[in-house]
Amino acid sequence: MSTGLRSGQVAEAAGVNIQTLRYYERRGLLAEPERSNGGHRLYGEDAVTALRVIKAAQRLGFTLEEVAELLEAGRHRHGRPVAGLQDRAAAKLAEVDAKVADLTTIRTALAAAVDAGCDDLTVCASSACCPIPFTDLAEENRHAGPCC
Numbered sequence: 000m001s002t003g004l005r006s007g008q009v010a011e012a013a014g015v016n017i018q019t020l021r022y023y024e025r026r027g028l029l030a031e032p033e034r035s036n037g038g039h040r041l042y043g044e045d046a047v048t049a050l051r052v053i054k055a056a057q058r059l060g061f062t063l064e065e066v067a068e069l070l071e072a073g074r075h076r077h078g079r080p081v082a083g084l085q086d087r088a089a090a091k092l093a094e095v096d097a098k099v100a101d102l103t104t105i106r107t108a109l110a111a112a113v114d115a116g117c118d119d120l121t122v123c124a125s126s127a128c129c130p131i132p133f134t135d136l137a138e139e140n141r142h143a144g145p146c147c
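Residue numbers (numbering that gives the first Met the number 0): 0 to 147.
A few of these clues could be false.
Said to hold, decoys possible - Restraint ranges, calculated between C-beta atoms of paired labels, are given here:
1. GLN57 / ALA115: 30 to 40 Å
2. GLY38 / GLY60: 32 to 42 Å
3. ARG58 / ASP119: 16 to 26 Å
4. THR62 / ILE105: 20 to 30 Å
5. GLY7 / GLN57: 20 to 30 Å
6. ARG58 / ILE105: 14 to 24 Å
7. ARG21 / ALA127: 23 to 33 Å
8. THR103 / ASN36: 19 to 29 Å
Stated by the list, open to error - For lysine to any residue, the following SDA-like pairs were computed, each having C-alpha atoms within a straight-line distance of at most 25 Å:
9. LYS98 / ASP45
10. LYS54 / GLU94
11. LYS98 / GLN85
12. LYS91 / ALA67
13. LYS54 / GLU33
14. LYS54 / THR104
15. LYS54 / GLY27
If you are wondering where the hints come from, they were derived from the structure by calculation, not from laboratory data.
Where a beta carbon is used, it is the ideal one built from N, C-alpha and C, also for glycine.
Make a model of the complete structure from these sequences and hints.
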């Protein structure tokens, strides 16, 4: 291959830095590129697309290991649908739903703490009306004093 995109061009077009590009090569997420006569890496346009796919998958919560497995399955599909993407996306969606539920619980507790005027973590934890769920700690130190 005598023409192609050099590392900096690919990295810039995909919105990553050169270190990320090299890291993905080492991890096997990107195929090792051809070299110019001078030894420079030369990538095809498909490398830019691959980098964008990797970054998008990461933003969706997939780990690099999961991305590598999905890419590998895609390379061997020979025109057939890639097995596993639907299952993995559904599993990731369930993880996101669980995180959203946890964050909602946390938000509710924090909002209650703000509304209650909690200003001291230790005092609040030992108060009978503390809105923060310090169940174990609060049970041991609960007293009937004023809230926070």
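Status of the hints after comparison with the structure:
As the Cβ distance of GLN57 to ALA115 is approximately 39 Å, the hint placing it in 30 to 40 Å holds. At roughly 38 Å, the beta carbons of GLY38 and GLY60 sit within the given window of 32 to 42 Å. At about 39 Å, the CB distance of ARG58 to ASP119 disagrees with the hint of 16 to 26 Å. Checking the proposed 20 to 30 Å range against THR62 and ILE105 shows it holds: the Cβ atoms sit about 23 Å from each other.
For the pair GLY7 and GLN57, the supplied restraint of 20 to 30 Å holds, since their beta-carbon distance comes to about 21 Å. About 22 Å separates the C-beta atoms of ARG58 and ILE105, a value consistent with the hinted range of 14 to 24 Å. Evaluation of the 23 to 33 Å hint for ARG21 and ALA127 yields a failure: the beta carbon distance comes to about 58 Å. Checked against the hint of 19 to 29 Å, the C-beta distance between THR103 and ASN36 comes to roughly 59 Å, which is inconsistent with it.
At roughly 34 Å between alpha-carbon atoms, LYS98 and ASP45 are farther apart than 25 Å, so this suggested pair is violated. For the given pair, LYS54 sits about 19 Å from GLU94 by alpha-carbon distance, which is consistent with the 25 Å threshold. In summary, the hint linking LYS98 to GLN85 is supported, as the alpha carbons are separated by about 20 Å, within the 25 Å threshold. At most 25 Å may separate the alpha-carbon atoms for a hinted pair to count; LYS91 and ALA67 meet this at roughly 16 Å.
Taken as a hint, the LYS54 and GLU33 pair is honoured in the structure, with Cα atoms around 23 Å apart against an allowance of 25 Å. At roughly 30 Å between alpha-carbon atoms, LYS54 and THR104 are farther apart than 25 Å, so this suggested pair is violated. About 15 Å separates the Cα atoms of LYS54 and GLY27, which keeps this hinted pair within 25 Å; it holds.
Hint violations for this structure: numbers 3, 7, 8, 9 and 14, all remaining hints satisfied.
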